[in-house]
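Chemist: Spelled out, the chains give:
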Amino acid sequence: MDTKKTSLYQLHKDCNAKFVEFAGYQMPIQYSAGIVEEHKFTRNHSGIFDVSHMGQLFVYGGEDLIEDFEKIFPLDLKNLKLNHSKYSFLMDKDAGIQDDLIITKIDGGFLIILNAACKDNDFKILKEFLDEKYKMILDGNRSLIAIQGPKSSPILNEVVDGVKDLNFMSGNWFSFENQKLYITRSGYTGEDGFEISIPNSFADKFTRELINKGSKLVGLGARDTLRLEAGLCLYGHDLDKDKTPVEANLKWAISKERITKGDFIGSDIIIKQLNNGVSKIRVGIKPEGRIIAREKTKIFNQLDVHIGEITSGTFGPSVNGPVAMGYVENEFSKKNTKVFLEVRGKKHAASICSLPFYKKSYVKGAN
Amino acid sequence: MSEVKYSKEHEWIKLEGDIATIGITKHATEMLGDIVFAELPEKGTSVEKDGTAGVVESTKAASDVYTPVSGEVVDTNQAIVDDPSKINQDPENSAWFFKLKIKDPSEMSTLMNKDDYDKFAKETSA
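Protein chains in written order, with this note's numbering: chain A, 1 to 367; chain B, 1 to 126.
Bound-form chain B, shown alone (with noise of 0.2 Å):
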């Protein structure tokens, strides 16, 4: 069984077994309207949960995308590179970012399950 959850820096997190499937959510995607540009981590790179797994950008301001969770990037998705806006058009699903084979588990436990994050995109948005 897969579980999605979602950060509070606005990324979604799909696991099933130990490879996690990262992007951004549809939320993000309205707060920072038409994405012009993306940039992933390369494949083979280790990532830290908090930290820097890449960027997009709208015609007005580059944003960092963060990873959720720790681990080695075993695959990126370039159909969001050379075309960025299927990141507006399928945020949460066929425009993913990048995938991790996670090192830690118990770090999923720290992230919201889907109404948690309805909410706090609500509250934080108003």
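For reference, chain A alone in the conformation it holds in the complex (with noise of 0.2 Å):
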């Protein structure tokens, strides 16, 4: 199978993108500044990300939809408000996360933004579910930019007057050249920035807006150091079939109102874990020193058991320093808890810590 290109595609290139295949995608894993200075770009300015390859379902309906849909996702969605946000997953009957996501109330249905290697696979089973009853679209005409950084709300109201006004987790229409854009105030590096819809057809001139007005490309390998500074999950590594939203240590994102009927896929399981705890839960793991502990390493308490793994594990720009996120039996998950990690053989000592490791700075918005 050919690799996809995203509508961005030119516009890495002449950028001097350098390109790693990812679900299928030719995606730019970083540019000429490297990972480290867009890293921090990021943090201090302003970074635009390609992330296109990600999935964009629509799926229109009224009251029925939302009562279909509450049947799969933990949320209140009768009371989620016009053009608001939600992170989410879909669970399988034994609640382990199939995908995660974000589900935004739009006029006359959802917005839905998939994992770029789940989205086909979740269409299948969305479709399947929801017996084909609504009108579905996985949205391949249309890419996804993210603007992440302390200078993005500035450089974005230029180019899209009115965006600065939106609240963190909600979105609105909004228009660039005649165009339909559906903006978002969202991202997945711990900064205030916006996630951006926008007609393939018009994504390379509006990015390239974006970078007049001082804004700068950022690949995927800052984009994977930010979200894990900031302790946000990504998916194949820290969350998968086998891990459930509350091992994920998520249950922040399950409705209170959805526990007490208990009417979801994986509802059962998630209940019951509520209720009598978990026997693993995810954490984040801060090393001694510069030693950097990456997905699969083993760890151990002080008795040298093992109990635990890595999921998520690099070098923090802004941390200066390593940071890690994994899975660890329920005991040892209290913060400041000392462990040891075995990187290339040798036992090193780690300590359990609370995330994010970077401070995010969302913005609320005016009201």
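Simulated from the structure, these hints should not be mistaken for laboratory data.
By construction, the Cβ of each residue, glycine as well, lies at the ideal position given by its N, Cα and C atoms.
Heads up, a few of these hints could be off.
[Claimed, not checked] Calculated Cβ distances over 10 Å to all of chain B for the following chain A residues:
id : residue
1  : Leu11
2  : Leu82
3  : Lys124
4  : Lys205
5  : Gly221
6  : Asp224
7  : Arg290
8  : Arg294
[To be verified] In silico BS3-like pairs for lysine-lysine, Cα to Cα no more than 25 Å straight-line:
id : chain 1 : residue 1 : chain 2 : residue 2
9  : B       : Lys122    : B       : Lys8
10 : A       : Lys280    : A       : Lys347
11 : B       : Lys114    : B       : Lys43
12 : A       : Lys205    : A       : Lys18
13 : B       : Lys8      : B       : Lys86
14 : B       : Lys26     : A       : Lys18
15 : B       : Lys99     : A       : Lys346
16 : A       : Lys272    : A       : Lys71
17 : B       : Lys99     : B       : Lys114
18 : A       : Lys296    : A       : Lys346
19 : A       : Lys13     : A       : Lys127
20 : A       : Lys13     : A       : Lys40
21 : B       : Lys99     : B       : Lys86
22 : B       : Lys26     : A       : Lys13
23 : A       : Lys280    : A       : Lys296
24 : B       : Lys122    : A       : Lys13
25 : A       : Lys286    : A       : Lys205
26 : A       : Lys346    : A       : Lys335
27 : B       : Lys86     : A       : Lys286
28 : A       : Lys286    : A       : Lys272
29 : B       : Lys49     : B       : Lys14
30 : B       : Lys119    : B       : Lys43
31 : A       : Lys346    : B       : Lys43
32 : A       : Lys251    : A       : Lys241
33 : B       : Lys14     : A       : Lys18
34 : A       : Lys13     : A       : Lys71
35 : A       : Lys347    : B       : Lys43
36 : B       : Lys86     : A       : Lys18
37 : B       : Lys99     : A       : Lys18
38 : A       : Lys18     : B       : Lys8
39 : A       : Lys40     : A       : Lys71
40 : A       : Lys261    : A       : Lys81
Two chains, each in its own frame: build the complex with the hints.
Modeler: Here's what the structure looks like:
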């Protein structure tokens, strides 16, 4: 199968991108500045990320759709206001996470942003569950561009007037060159920022305007270090079918209103785990010194007993040190618990810590 | 007179008397990207030609550093451990990795000179 290219492929090339194949797409891992510079530029200024490989699923329907979606997602969708977004997951009957996603109530239905590697399977699962009652479009005609960092709001507002008034985790339709853009104030870096859904044929021009206003393209490499410093999960690494939202320490994303009734996919397990606790749980892990503990690194307790595994680990440029997260047996999940990480055959001291590693600065907005 | 030679694993080696200074090439740092971690062999240990003698890591991945010749580690460059970004800044000079008292000078002859290495680097990265 040929690898797919996004509408910004030429722009990436023009900016000297190094490409990697990711979920069937040719994606930029970094540009000439390099991952550390791109990371810091996002934290201090404004970075643009091409995330067009992600799925943009539009599902159209009214009250029936809300009811059906509540059987799938552990969210209080009846009370979700128009243009408001929620982080959620698609679970299997055992509450294993099949994907994590952002769902936004739009006029006439919902927009769901899905992970690139999961989107086709998600579409299949949802279509089957919804019994083809609703119009569903996994929209390949639109690109998705994120702009993140403290200068992003003024920069984007120069190109699309009014976006600066959006609140965190909410969105709206805007226009650019008479095209309809759906923009949400959200992101995956721990910084204030926006995600812009735009027709493919206008993505290149739009992005070049953002660059002209002072933002810079940032690759998937820095996207990973940014999200890890922000303590955010990456599907396929920190989340997968063998982990539940409670184990992933994401119970904040499950609506309390839905727990009492518990009539969604996976609710039996979720309720059981919320009441009885879990045997393993996701935690932040801070290695002492500079040693980097990557995915699959084994975690040991002080008695040299294997108690878990790292699921993501790298060097955090803003923390200026190594950062990691992983799953440990529940009794070792308390903050400041001393653990050991086995890297290249040697055990290195580390401690369990709270997330995020880097304090976020999300803008709540004027209201 | 000192001579600088290069290995297929992208190390450079500068021999002065029986002391060799070893580091990684500029080409290697360009392939690795920003280096954020470096681990060096311990002083006093013996290393064998083509054996592992350290590790460098970028944000993305870890890579072994090999020694192009055999010998005893007589010095290591703590400055690059404390600030690995120095390796990207000045790889073929101040950001050397370790010094060896070499065991067998004839091992030097198996290595490339600068022109051959530049050609090799260009071909393998194309």
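Chemist: Give a verdict on every hint.
Modeler: Verification of the hints:
1. For A/Leu11, the condition that its CB be more than 10 Å from all CB atoms of chain B holds, with the nearest at approximately 21 Å.
2. A cut-off of 10 Å between C-beta atoms confirms that A/Leu82 is not in contact with chain B; the least separation is 40 Å.
3. The non-interface label for A/Lys124 is consistent with chain B: the shortest C-beta to C-beta separation is roughly 32 Å, beyond 10 Å.
4. Distance check on A/Lys205: its Cβ is at least 30 Å (rounded) from any Cβ of chain B, clearing the 10 Å threshold; non-interface status holds.
5. Listed as a non-interface residue, A/Gly221 fails to keep its Cβ farther than 10 Å from every Cβ of chain B; the least gap is roughly 6 Å.
6. A cut-off of 10 Å between C-beta atoms contradicts the statement that A/Asp224 is not in contact with chain B; the least separation is 8 Å.
7. Residue placement check: A/Arg290 does not keep its beta carbon more than 10 Å from all beta carbons of chain B (closest about 5 Å).
8. Remark: the non-interface label on A/Arg294 conflicts with the geometry, its nearest Cβ contact in chain B lying 7 Å away (cut-off 10 Å).
9. Annotation: proposed proximity of B/Lys122 to B/Lys8 holds, straight-line Cα distance about 12 Å (limit 25 Å).
10. Between A/Lys280 and A/Lys347 the CA atoms are separated by roughly 21 Å; this keeps the pair inside 25 Å, and the hint holds.
11. Simply put, B/Lys114 and B/Lys43 have alpha-carbon atoms about 28 Å apart, too far for the 25 Å limit, and the pair is violated.
12. Restraint check for A/Lys205 and A/Lys18: the C-alpha separation of about 21 Å stays at or below 25 Å, so the hint holds.
13. For the given pair, B/Lys8 sits about 22 Å from B/Lys86 by alpha-carbon distance, which is consistent with the 25 Å threshold.
14. Between the alpha carbons of B/Lys26 and A/Lys18 the distance comes to roughly 18 Å, so the proposed pair stays at or under 25 Å and holds.
15. For the suggested pair B/Lys99 and A/Lys346, the alpha carbons sit about 24 Å apart, so the restraint of at most 25 Å is met.
16. A threshold of 25 Å between alpha carbons decides the hint, and for A/Lys272 with A/Lys71 the separation of about 18 Å falls inside it, so the pair holds.
17. Straight-line distance between C-alpha atoms of B/Lys99 and B/Lys114 comes to about 20 Å, which keeps the hinted pair within the 25 Å bound.
18. Between A/Lys296 and A/Lys346 the CA atoms are separated by roughly 15 Å; this keeps the pair inside 25 Å, and the hint holds.
19. In summary, the hint linking A/Lys13 to A/Lys127 is not supported, as the alpha carbons are separated by about 37 Å, beyond the 25 Å threshold.
20. Between A/Lys13 and A/Lys40 the alpha-carbon distance is near 22 Å, which keeps this suggested pair within the 25 Å criterion.
21. For the given pair, B/Lys99 sits about 17 Å from B/Lys86 by alpha-carbon distance, which is consistent with the 25 Å threshold.
22. In summary, the hint linking B/Lys26 to A/Lys13 is supported, as the alpha carbons are separated by about 23 Å, within the 25 Å threshold.
23. Of the pairs offered as hints, the one joining A/Lys280 and A/Lys296 holds, with about 15 Å between alpha carbons and a cut-off of 25 Å not exceeded.
24. Proximity of B/Lys122 to A/Lys13 is assessed by CA-CA distance (about 20 Å); at most 25 Å being required, the pair is judged to hold.
25. Between A/Lys286 and A/Lys205, the direct Cα distance comes to roughly 42 Å. Violation of the 25 Å bound is thereby established for this hinted pair.
26. The hinted pair formed by A/Lys346 and A/Lys335 meets the criterion: a straight-line CA distance of about 23 Å does not exceed 25 Å.
27. Between the alpha carbons of B/Lys86 and A/Lys286 the distance comes to roughly 24 Å, so the proposed pair stays at or under 25 Å and holds.
28. Taking the CA atoms of A/Lys286 and A/Lys272, the gap is about 30 Å. The hint is violated against a cut of 25 Å.
29. Pair hint B/Lys49 plus B/Lys14 holds up; C-alpha atoms about 15 Å apart against a cutoff of 25 Å.
30. Proximity of B/Lys119 to B/Lys43 is assessed by CA-CA distance (about 34 Å); at most 25 Å being required, the pair is judged violated.
31. Between A/Lys346 and B/Lys43 the CA atoms are separated by roughly 18 Å; this keeps the pair inside 25 Å, and the hint holds.
32. In summary, the hint linking A/Lys251 to A/Lys241 is supported, as the alpha carbons are separated by about 16 Å, within the 25 Å threshold.
33. A threshold of 25 Å between alpha carbons decides the hint, and for B/Lys14 with A/Lys18 the separation of about 32 Å lies outside it, so the pair is violated.
34. For the given pair, A/Lys13 sits about 44 Å from A/Lys71 by alpha-carbon distance, which is inconsistent with the 25 Å threshold.
35. Restraint check: the Cα-Cα separation between A/Lys347 and B/Lys43 comes to about 21 Å, which is no more than 25 Å; the hinted pair holds.
36. Distance hint between B/Lys86 and A/Lys18 is fulfilled; the C-alpha atoms sit about 22 Å from each other, no more than 25 Å.
37. For the hint linking B/Lys99 to A/Lys18, the alpha-carbon distance of about 34 Å lies beyond 25 Å, and the restraint is violated.
38. Taking the CA atoms of A/Lys18 and B/Lys8, the gap is about 23 Å. The hint holds against a cut of 25 Å.
39. Our distance criterion of 25 Å between C-alpha atoms is broken by A/Lys40 and A/Lys71, whose separation comes to about 42 Å.
40. As the CA atoms of A/Lys261 and A/Lys81 are separated by approximately 21 Å, the hinted pair is consistent with the 25 Å bound.
Checked against the numbered hints given earlier, the structure breaks hints 5, 6, 7, 8, 11, 19, 25, 28, 30, 33, 34, 37, 39 and satisfies all the rest.
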